[in-house]
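Could you put together the complete structure from these sequences and hints?
The residues making up each chain are set out below.
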Amino acid sequence: MAPNRLQLSKFRNFNPETDEEVDIEYSSPQPGAIPGTLDLEPDAPPPEIILIDYNEHNAERFTLNSPQECGAYLDTESVSWVDVLGLGNQETWRELGKIFELHPLIQEDVVNVPQRPKVEEYENQLVLIALMVILKPNHQGFHREQVSFVLGKNYLLTVQEEPEQDCFDSVRDRIRFNKGIIRKQGPDYLAYTLLDSIIDGYFPVLEAYGEQIEDLEDEVVTNPTPRTLDKIYRIKRQLLNLRRAIWPQRDAINSLIRDGNDLITHEVQIYLRDCYDHTVQVIDMVETYRELTSGLMDVYLSSISNRMNEIMKLLTVISSIFIPLTFIAGIYGMNFNTDKSRWNMPELNWDYGYLFCWGLMIVIAASLVFFFWKRGWFANFSTIRRK
Amino acid sequence: MAPNRLQLSKFRNFNPETDEEVDIEYSSPQPGAIPGTLDLEPDAPPPEIILIDYNEHNAERFTLNSPQECGAYLDTESVSWVDVLGLGNQETWRELGKIFELHPLIQEDVVNVPQRPKVEEYENQLVLIALMVILKPNHQGFHREQVSFVLGKNYLLTVQEEPEQDCFDSVRDRIRFNKGIIRKQGPDYLAYTLLDSIIDGYFPVLEAYGEQIEDLEDEVVTNPTPRTLDKIYRIKRQLLNLRRAIWPQRDAINSLIRDGNDLITHEVQIYLRDCYDHTVQVIDMVETYRELTSGLMDVYLSSISNRMNEIMKLLTVISSIFIPLTFIAGIYGMNFNTDKSRWNMPELNWDYGYLFCWGLMIVIAASLVFFFWKRGWFANFSTIRRK
Amino acid sequence: MAPNRLQLSKFRNFNPETDEEVDIEYSSPQPGAIPGTLDLEPDAPPPEIILIDYNEHNAERFTLNSPQECGAYLDTESVSWVDVLGLGNQETWRELGKIFELHPLIQEDVVNVPQRPKVEEYENQLVLIALMVILKPNHQGFHREQVSFVLGKNYLLTVQEEPEQDCFDSVRDRIRFNKGIIRKQGPDYLAYTLLDSIIDGYFPVLEAYGEQIEDLEDEVVTNPTPRTLDKIYRIKRQLLNLRRAIWPQRDAINSLIRDGNDLITHEVQIYLRDCYDHTVQVIDMVETYRELTSGLMDVYLSSISNRMNEIMKLLTVISSIFIPLTFIAGIYGMNFNTDKSRWNMPELNWDYGYLFCWGLMIVIAASLVFFFWKRGWFANFSTIRRK
Amino acid sequence: MAPNRLQLSKFRNFNPETDEEVDIEYSSPQPGAIPGTLDLEPDAPPPEIILIDYNEHNAERFTLNSPQECGAYLDTESVSWVDVLGLGNQETWRELGKIFELHPLIQEDVVNVPQRPKVEEYENQLVLIALMVILKPNHQGFHREQVSFVLGKNYLLTVQEEPEQDCFDSVRDRIRFNKGIIRKQGPDYLAYTLLDSIIDGYFPVLEAYGEQIEDLEDEVVTNPTPRTLDKIYRIKRQLLNLRRAIWPQRDAINSLIRDGNDLITHEVQIYLRDCYDHTVQVIDMVETYRELTSGLMDVYLSSISNRMNEIMKLLTVISSIFIPLTFIAGIYGMNFNTDKSRWNMPELNWDYGYLFCWGLMIVIAASLVFFFWKRGWFANFSTIRRK
Amino acid sequence: MAPNRLQLSKFRNFNPETDEEVDIEYSSPQPGAIPGTLDLEPDAPPPEIILIDYNEHNAERFTLNSPQECGAYLDTESVSWVDVLGLGNQETWRELGKIFELHPLIQEDVVNVPQRPKVEEYENQLVLIALMVILKPNHQGFHREQVSFVLGKNYLLTVQEEPEQDCFDSVRDRIRFNKGIIRKQGPDYLAYTLLDSIIDGYFPVLEAYGEQIEDLEDEVVTNPTPRTLDKIYRIKRQLLNLRRAIWPQRDAINSLIRDGNDLITHEVQIYLRDCYDHTVQVIDMVETYRELTSGLMDVYLSSISNRMNEIMKLLTVISSIFIPLTFIAGIYGMNFNTDKSRWNMPELNWDYGYLFCWGLMIVIAASLVFFFWKRGWFANFSTIRRK
Ligand SMILES: [Mg+2]
Ligand SMILES: [Mg+2]
Ligand SMILES: [Mg+2]
Ligand SMILES: [Mg+2]
Ligand SMILES: [Mg+2]
Ligand SMILES: [Mg+2]
Ligand SMILES: [Mg+2]
Ligand SMILES: [Mg+2]
Ligand SMILES: [Mg+2]
Ligand SMILES: [Mg+2]
Ligand SMILES: [Mg+2]
Ligand SMILES: [Mg+2]
Ligand SMILES: [Mg+2]
Ligand SMILES: [Mg+2]
Ligand SMILES: [Mg+2]
Ligand SMILES: [Mg+2]
Ligand SMILES: [Mg+2]
Ligand SMILES: [Mg+2]
Ligand SMILES: [Mg+2]
Ligand SMILES: [Mg+2]
Ligand SMILES: [Mg+2]
Ligand SMILES: [Mg+2]
Ligand SMILES: [Mg+2]
Ligand SMILES: [Mg+2]
Ligand SMILES: [Mg+2]
Ligand SMILES: [Mg+2]
Ligand SMILES: [Mg+2]
Ligand SMILES: [Mg+2]
Ligand SMILES: [Mg+2]
Ligand SMILES: [Mg+2]
Ligand SMILES: [Mg+2]
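Residue numbers (the UniProt record's numbering), protein chains in the order written: chain S, 1 to 387; chain Y, 1 to 387; chain E, 1 to 387; chain V, 1 to 387; chain W, 1 to 387.
Hints are computed from structural coordinates only; laboratory data are not their basis.
The reader is advised that the hints may include incorrect statements.
If chains are identical, the list can't say which one is meant, so a pair holds when it fits in one copy or spans any two.
What the hints assert, rightly or not - Each computed DSSO-like pair below joins lysine-lysine, with the alpha-carbon atoms no more than 27 Å apart: (1) LYS98 - LYS153; (2) LYS153 - LYS179; (3) LYS153 - LYS118; (4) LYS98 - LYS179; (5) LYS184 - LYS153.
Next comes the structure, spelled out in structure tokens:
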């Protein structure tokens, strides 16, 4: 609320009303289609394919013209990370399917995005579908895309829904400059590292929502408007979407840890446990924010009712004071013939009739004001402000 | 809301108030009836029975005059798909029961529709009950019917509640034109394919509701009426029904995957896993929409309260301004005798009495207007519109 | 709502306000009593005891004068169904306990009604407690009573809380006229058959509530009154009671299917699976109706708020139009002395002063009417009706 | 509500506003204290200790001066029930701890009351913590205290929080007069019997709340006041507390049945199953009442809104009728100069002007009354009463 | 509310609006960072490190200048408690990591605070993360910090987030003065003791909230203001945070008890069971308070509506009484020419016209007052107070 607060927070510029949101609408399958039918635009360009091949001693980076070029690297002992940027076209997948021996259902899940995150074991391959959510650097919304992992004996194939953005640059640097233990480990450790980057990307997104909620906590008590209501609902919906993205990711990682897999070493299991931990923390934050948002909805409704009370009090105070006074004025505006009888409105002819009338009205008004003051109706309690 | 939006969406024409809905009311059993008692109309016509018999090399299609005609095909190595369109009569089931050796309880579940979806193992047979929900092509509502599967060693018996409609045409084409691997697989793969078509049919239905909800998200903040309330409640009820249809389907498929069955090959298990995935996605969408609908109900109530505040503000502003003025007018309408005493309403005889009176009233009115303007009551905040 | 609707439904005559309800209040145990203490009225008459003894070839029916008479039948190979109608007195239970070798805790559960439904295994006996809920034939409410089953090797003992009514007549007919397979099966099949009749009896009861809810769906939007609120709450409470009756029944049947028991053949297990299916459907319906009822409560509250808006709009329109007009009339009712100064209310002496005054008032009234019409306040949107 | 109802119910005298309640606030441990630190008042008197020693043939009762006196009885074959009435002092526990070889943690749980009910196995001992809730005989509230059981091979140690009251008298009688099988059984059966008495004591307490709820069901629709709201909230809180007391008790008994224990014979297990049954019934009742109470809160809010509608209707009817009439009276109170022009209020000089004016007002008032009557505003629907 | 109540409670001084709260915002990981990256301020001072080394016979306390100094103690048979006060800097962790052979992921969890509480097994080490919440001695809020345990064969490493405060002093005393059995036990018992102190510290915090809720229970019915609403919401949020802190702690301790670990003796397991018990009690209290808080929110909304009814009643009473009277006064203020016709307002010339008019008005007013009194509108039911 206060201007200095805006400076304090780097995410406060985010505007949930205009900026990109994280709605998830699953890819709608074509009823009755042959399994493995890919929803690709026929004239889509081929994707950019980056091959990073490394072992403890060397690390090389190639931009491939065609999937076929990576064939030579897959069977060598070195780790081959084939990173496909964009979903490409039918031609791409004919070749990728052949070289990596991908089951049609794997291809379907990788291409018909978004899918629900999951882990699936195939013979000699482990498939992992994840949803990457990243806060855009200039804080103008979120970027959401599916990243699919196919882990084989000596290789890792990753397919990104969109080529422009990912959160993997620091991993690329760690390979290139041999930081940490990544170059000493296999493709399972690489998959863990990338997955870990994806999960870590949820934290700033959630913090952005956490700060929105903090602002709303003030707004909802001090100045509730229909816009507030709209914001609460939208945040609620966005948190629902984040929850849908992260929950299955947690289950997938958990099943990997619990059941194990030949393609994942014991050492990497320990690292996956850390990754699992972080998904649990993300879920914990999402659930907390969801409960807070539900609470805000209740507070909103109560605040609106409070407002109504304030409005009605004002109307009642003004009406209650002036209606009796107007009645008195009405009495002395009657035209009874004072000449006809001394019982007909003798006050009109009193010397101090008018003053008496004013006196009466002032006494009545003062009594009513006192009555309302006693009941505390003049306490301006709608101005409560949080520190 | 905006007219171009109507063009954008193919489902927006759907009107939940007049079009067919997806209410599920389970078949009510006759208390104390013999197990296997079938609720059939005695004079119902026999159903159309289509036999499609195929193997890798050939595929033939027959329209049978009587269930007995399929007897010859059931024991051959080729896959025999007996598709019964409509529930038929007692005669039909006497014959079907004999040829397929159906347990009375199977017959009951297939005929007394609708049943709760499920999988049940019998000796040499696997029974699967599914609910098919399809969006009508001209978007005039939904079509819901039960489809029952009886899977045997070399055959698949399917029974449809109603003969007019199904979503299996593309499967028939795949058999006829030998597309995909269907002709190389057994009746278990055929059952998977049909079930997959049924599940995929839920997606467009849910998208239709998703778009209804999006429209309501605007309506509920900008223009909430009793009709809005009615729509929210109806969508809520329909989602409840969809959930009742899809949840047990998920459990059924899951039990098949988890426990396995002699009639289902390992390869088809993998395909069923994909089918399971899709049921989970459908459930995820249903639950999301249900939560959004609950949220909308809360927003509706808050919006109505907001409206009330607006109405009361208007009444209070008008009353508060005019009641004091009317009081003043009343004062100077009193008939105190100005001749009798100089204390009796001397203003009436002032040269500028009337102007003074107007001045007083203008000052009071202006003060009140200023007071209300200060409190922000003239901010027309009920006109908020989403982009 | 419409009169023809009353004809359409056979349950619509049911009136939840006056007719018998299905409240369940468990038998309250006497603290510290000896296990097996029976809450029987000391001077209760002995119950009617019917023995139906049958095998594949014969079926006989006896009315017993005393429990001791059935002793001779229990050990024969034929199935002996001892049906005790009414709870009887201490004497009855002394004899029944001796002949059937009933554990004191069995006697307690059978006599101190109602108990929570359950299955319990004792040595050589299986005890099943069920709650029977039947819609009275003339639709004047529900009948609820406990039915207890004690299944032994060659016999089935059933004890009914009340002698007047049960839903077992069709089962008696099936035994008498040898319909279906009942005469070829043992007492386990008989127990299944009776239990199945009890479960099937829940369906019409639930349909009666389903139709009540449908009526309320209209009423709550078009004409919400405190009576509506009362009805919603009562249905909610009744559904809660039905749920309490059926949930433990499901668990009991499920534990029988899952764990098996020497007294139940494999063939009867399959029939119990069907019975389990029906309990699941009943629960599904109860839960659906419960959610709809909760939704109705929300709709009710929103409808009441809508009504309030309508009332306030009317008050505001009338007040806003007439308060300014009355103010103007008040102005020209003031008594400023027009003779004293030409500034004092010269309008009173204009030739067309009165007409001018009316003109002014008509312009103001018309402006206000236009203003309210523009804001849509005259749209009579409270008259929405469902088709 | 009706006076005869008060006679019908023996619990209706209970007043939740003034009488003792069942709030549970767990004993707050001293952070960092040595395990086994006992919160005892240093100058507390020693507790009364009753030893009842019995076998099939004899039963003796001793009042012990000191815990040490029971040492001689513990190892004999007869069952020794050491009943400690009150928590005593440090000295008591030094001796009790030595004789019964109590682990410090057992002592802590027994003395620092209340603890959450539970069962814990120690070497050669089984510890059971239960919460006893009894309705006071004169219905002036509830009595709640912790009862702890330490079951050994030939003895049962029970410790009661307060010496004045318990619900074990009938058990003492059963031992003394050799009623039932208690004298033929071991200390495990004794423990079951006492626990059963405790559980049975919950039923009258819950019935008292059930009747409170029934009264509120009327009150909330016919005459909702802030006092009603207060009562609903208090019952809700009390039910929450009862639920906290009984839930862990159920889990404790269940774990005993499921896992078995050397100190409990198979025969007593069957009796414990009955006890478990009763805890489940208690929980079922608590949950039902909780749901009813939540429903009442919703009904309350709706009833208050209904009331508001009634109030506003009255205001609107009166205002709508009199405001236009007052306007007309205001018109003819204007002082336009009828002498100056024939257009100035000629009605004032008509012969029947005054009667015309009254006629006009009567027509307007009648039209408005008819309008409100048509809309059903005079239907006094706030007087609905339940039978 | 009453002043003596303030004295009764030692926590009532706590002011949730200004004092420190227990919000938990998990440490936000740097996306893509190398596992083991520590979020430390580069110029942070080294932490204070206290080594307490003890066995049954001796106990020594050292303040270490550097982590390396503890190397000599770790392998000896005596228990070495290395207590690191503050998170220190990179240098600290390089050394600690080397001496204790800490996995990088352990270091990350210990340093990047707060983490979600958990237990994790590593080779030869058991890591436990706990959140300590302590009520500040002067009741000016809460202190929350992470305490991490690394349990090895002969040592326990604890790391505290902040050096100023902990709740371990009594444990230090027990070691120093050889109180209880702590000196006879291993590091596992020490870990239990510290964890127990942490859990016990939740009780006073919860009691503080319990008392806040009790105050609000009065306030919400007798004097609900927006400040009340704000307080309810804040308590709700704080309870949500406490729940997030304690739930995972319970799961962690439970997994230790259930799965066992070589580093924990059977005897300490029994003590951990007690500790688990206390976490369950804490959770039970948190959940109870959460439900009460939700109930308070409903009560608040209802109270506000009650208030509105009171306000509207006042307005309606005053308007209904004075509007008809003002109308009558308006009638006799009309200027019909009484000279022109005897039908024109003859009352004005009656001898007792004015008295008749007053009589009429008094009768009307009295009737209305009687009407409102009959309906109970003057019952001042908003003044209900709890004892
Ligand atoms: Mg959406
Ligand atoms: Mg597909
Ligand atoms: Mg898929
Ligand atoms: Mg990308
Ligand atoms: Mg991470
Ligand atoms: Mg926060
Ligand atoms: Mg329906
Ligand atoms: Mg049946
Ligand atoms: Mg069936
Ligand atoms: Mg069909
Ligand atoms: Mg599919
Ligand atoms: Mg959309
Ligand atoms: Mg709600
Ligand atoms: Mg009752
Ligand atoms: Mg008993
Ligand atoms: Mg029992
Ligand atoms: Mg009966
Ligand atoms: Mg059935
Ligand atoms: Mg219907
Ligand atoms: Mg308390
Ligand atoms: Mg302790
Ligand atoms: Mg303890
Ligand atoms: Mg006692
Ligand atoms: Mg009992
Ligand atoms: Mg009841
Ligand atoms: Mg914060
Ligand atoms: Mg990391
Ligand atoms: Mg970590
Ligand atoms: Mg510290
Ligand atoms: Mg503790
Ligand atoms: Mg609740």
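Against the structure, the hints come out as follows:
no. : hint            : in the structure
1   : LYS98 - LYS153  : within (17 Å within a copy, 33 Å between copies)
2   : LYS153 - LYS179 : within (23 Å within a copy, 33 Å between copies)
3   : LYS153 - LYS118 : within (20 Å within a copy, 33 Å between copies)
4   : LYS98 - LYS179  : between (34 Å within a copy, 19 Å between copies)
5   : LYS184 - LYS153 : within (15 Å within a copy, 30 Å between copies)
In the structure shown, no violation is registered for any of the earlier numbered hints.
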